[in-house]
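A.B. asks: The primary structure of each chain is shown beneath.
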Amino acid sequence: MRPFTLNYAFPRRLPAVVTPYNFDESRQLNVLPDGRPAVSDPDLLLAVGTTTSTAGSQTHFDD
Amino acid sequence: MTVLILTSEEDVTADIVVAKLHGMGTPVMRLDPADVPGKAVLSADYAHGDFDGHLSVNGHVLSMGGLRSVWVRRPGEPAGHAARPSPWLTAETRQALFGMLHSASTRWMNHPRSADLARLKPWQLRVAHLSGFAVPPTVFTTAPRLAQQFAEEHRDVVVKSASGPPPGDPPMALPTTLIGPDADFSAVAAGPALLQRYIHKRADIRLTCVGVQMFAARKTAEPGQVDGRYGDTGHAWEVVPVPERVGKSVHDYVALAGLAYAAFDFAEDEEGIWWFLECNQGGQFGFVELETGQPISEAVALWLSQRKPDRRVPGSHW
Numbered sequence: 003m004r005p006f007t008l009n010y011a012f013p014r015r016l017p018a019v020v021t022p023y024n025f026d027e028s029r030q031l032n033v034l035p036d037g038r039p040a041v042s043d044p045d046l047l048l049a050v051g052t053t054t055s056t057a058g059s060q061t062h063f064d065d
Numbered sequence: 079m080t081v082l083i084l085t086s087e088e089d090v091t092a093d094i095v096v097a098k099l100h101g102m103g104t105p106v107m108r109l110d111p112a113d114v115p116g117k118a119v120l121s122a123d124y125a126h127g128d129f130d131g132h133l134s135v136n137g138h139v140l141s142m143g144g145l146r147s148v149w150v151r152r153p154g155e156p157a158g159h160a161a162r163p164s165p166w167l168t169a170e171t172r173q174a175l176f177g178m179l180h181s182a183s184t185r186w187m188n189h190p191r192s193a194d195l196a197r198l199k200p201w202q203l204r205v206a207h208l209s210g211f212a213v214p215p216t217v218f219t220t221a222p223r224l225a226q227q228f229a230e231e232h233r234d235v236v237v238k239s240a241s242g243p244p245p246g247d248p249p250m251a252l253p254t255t256l257i258g259p260d261a262d263f264s265a266v267a268a269g270p271a272l273l274q275r276y277i278h279k280r281a282d283i284r285l286t287c288v289g290v291q292m293f294a295a296r297k298t299a300e301p302g303q304v305d306g307r308y309g310d311t312g313h314a315w316e317v318v319p320v321p322e323r324v325g326k327s328v329h330d331y332v333a334l335a336g337l338a339y340a341a342f343d344f345a346e347d348e349e350g351i352w353w354f355l356e357c358n359q360g361g362q363f364g365f366v367e368l369e370t371g372q373p374i375s376e377a378v379a380l381w382l383s384q385r386k387p388d389r390r391v392p393g394s395h396w
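Order-wise, the sequence lines are chains F and S.
Using my numbering, you'd call the opening residue of the first sequence number 3 and step up by one each time.
Using my numbering, you'd call the opening residue of the second sequence number 79 and step up by one each time.
Chain S on its own, in the form it takes in the complex (with noise of 0.2 Å):
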């Protein structure tokens, strides 16, 4: 049985899980949806009165009976490589790897679903209300006098991205940012804009959940500090306890979600509070395993290496 992962081959952080995939004897295929059709070849078939399909990459092959897991990690876009790329051939594929991949019996980390789901900032919030975390008053709107009465009502205001810094070249960066209630909100109009209260923190909580198993990592932040991700502190990130309460309400979190993995981004204010800001469904924890050394990959590997069915995705196994 194959665990199979979707990713780019860049991609190092899944290189660590590969190797202790290797280590554990458990099989693999690593495969980039970007090189179907062309260096990864795919066919399934209902023709002899069941389902049936295969991949194939680099001398690599697998059988859909023989498929124990499925790890979305980077994967690139369907088609993204082929000799002519465009959006329909993107499409015609995505039909093609997708629609066999949901046709086997396997498990997810995580399961496109709740992945697509998973990713909608103004739904985070709600699941984190329902699941006891402490949020920060946001709003999320496309009025200007809205977000001009957010800001002064809260003062301390940061604009951040819902979906990322936009495509382009040169690449762009758009980090959270501090704005005032002086700002010209007249722009608001032409873009959803995102504004949440600032929490004035000490230091960033990464939190990543893979299964039931939790690892917490802390970095001091400076003071008036936004964005983490910019800039460098001198800080490096540091192991640290999960509060209780915090876990209850992760666990609580990650089930409402049907996630498999999750990492959150928590500000910890003056007081040690752990207030949500955010929870990337595919996040990254290279950079957390290296400085800290906890067995963030290793859990990844065994959860893949698991042959039981994960019943926290409603109809994923049949």
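So that you can see chain F by itself, here it is in the shape it has in the complex (with noise of 0.2 Å):
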């Protein structure tokens, strides 16, 4: 029998986000093609969700 909790669980579909930074293994940070940290730039970090509660939940379930 299905676990109780499991029959509102759904398939998650998650958007086709490829992240414009690469991780820069000198400074230990993601870094967008000119250079700069991703960091610098919130509006983009907010837009690919990366920083969202619900971003690391297939991996860790601390949200």
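Just so you know, the hints here were simulated from the structure itself, not pulled from any lab data.
From the three backbone atoms N, C-alpha and C, an ideal C-beta is built for every residue, glycine too.
Be careful, since some hints might not be right.
Stated by the list, open to error - Far from chain F, some chain S residues (derived; all Cβ distances over 10 Å):
1. 90
2. 178
3. 190
4. 275
5. 291
Stated by the list, open to error - Which residues of chain F face chain S? A partial, calculated answer using Cβ under 7 Å:
6. 5
7. 6
8. 7
9. 13
10. 47
11. 48
12. 52
13. 53
Dock chain one against chain two, each of which comes alone in its own frame, and use the hints as you go.
C.D. replies: In structure tokens, the structure reads:
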């Protein structure tokens, strides 16, 4: 029998977001193609949704 | 003295803190336990009458003697990126890495022992009660009859997961969902169900606590909205002051739980009462900081940069 709580689960369609930044091993943070840290563009971070409370829910349940 | 951040490379919320630490001139090493063994290398020894250990990754080297603090942010499973990952290799790697880190004298955000306990939802409610929060009536049960009785007594009841959505492909969502007493509760016998009285809320509150600093944000809810994480209401997070009584309860909660960092979720009802829903010891703060401008990352960076021991976690310092 399927656990009761799972009756309320549904497939989550994740948007195909391509993050326009890459991890810089030397600086230890993600950088944009022009070399600026990704965090220097808050609008971009909000747009890609990687800082939201459900962003890590597939691997971490600390939302 | 170096700050060690355990997280994945794609964690841009950690980036915000890394940038702050760079600006403060505080040395930092960012390491994903998934990269051990492989990209990251560790070595610990007790061969010369004392303990010593080293970590290296991406050209950065850290000696355990120079470890200032550890931020357990969003780490991958140890050995998760190994060429031949296995549960055994993960267990061995966890022993090596965390055994070494626990042998060092350092401060933790959050200490793994405290974090493990703090993740347990029933325990959270107990501590919330002890801390003086308003807590909605809640039941965890594998008894269908008790679940039915709870729903009949409280009428508007939500079901939520204690541990998050089930893993799998495709990814699953498991939002907090409103159910009624007419639901078929027979499947409660197949797995513990967490039922809670629904709070008719006018707003969601996210309160982030860093050390003794508190940052509260409020987001207006739509009528009948249940889980604020899903769906766009068109409302934004806004800074809101922390009521004195709530602030005292937050202080008591993190002290009891031994947490240096905690993200609290509340539902604000029509009378303005903040009902405790949960406390995420590793909760996200990036979205709140980006929308409100609250200096949460700066508070995290400052806490990690301090050298004084964190006395709230018994046994974390020798």
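A.B. asks: All the hints need checking, so say for each whether the structure fits it.
C.D. replies: Outcome of the hint check:
1. 90: violated (5 Å)
2. 178: holds (20 Å)
3. 190: The claim stands: residue 190 of chain S keeps its Cβ more than 10 Å from every Cβ of chain F (closest is about 13 Å).
4. 275: holds (17 Å)
5. 291: holds (19 Å)
6. 5: holds (3 Å)
7. 6: Holds, about 4 Å.
8. 7: holds (6 Å)
9. 13: Holds, about 5 Å.
10. 47: Because about 6 Å separates residue 47 of chain F from the closest Cβ in chain S, which is inside the 7 Å limit, the hint holds.
11. 48: holds (5 Å)
12. 52: With a closest approach of 5 Å, the residue 52 of chain F hint holds.
13. 53: holds (3 Å)
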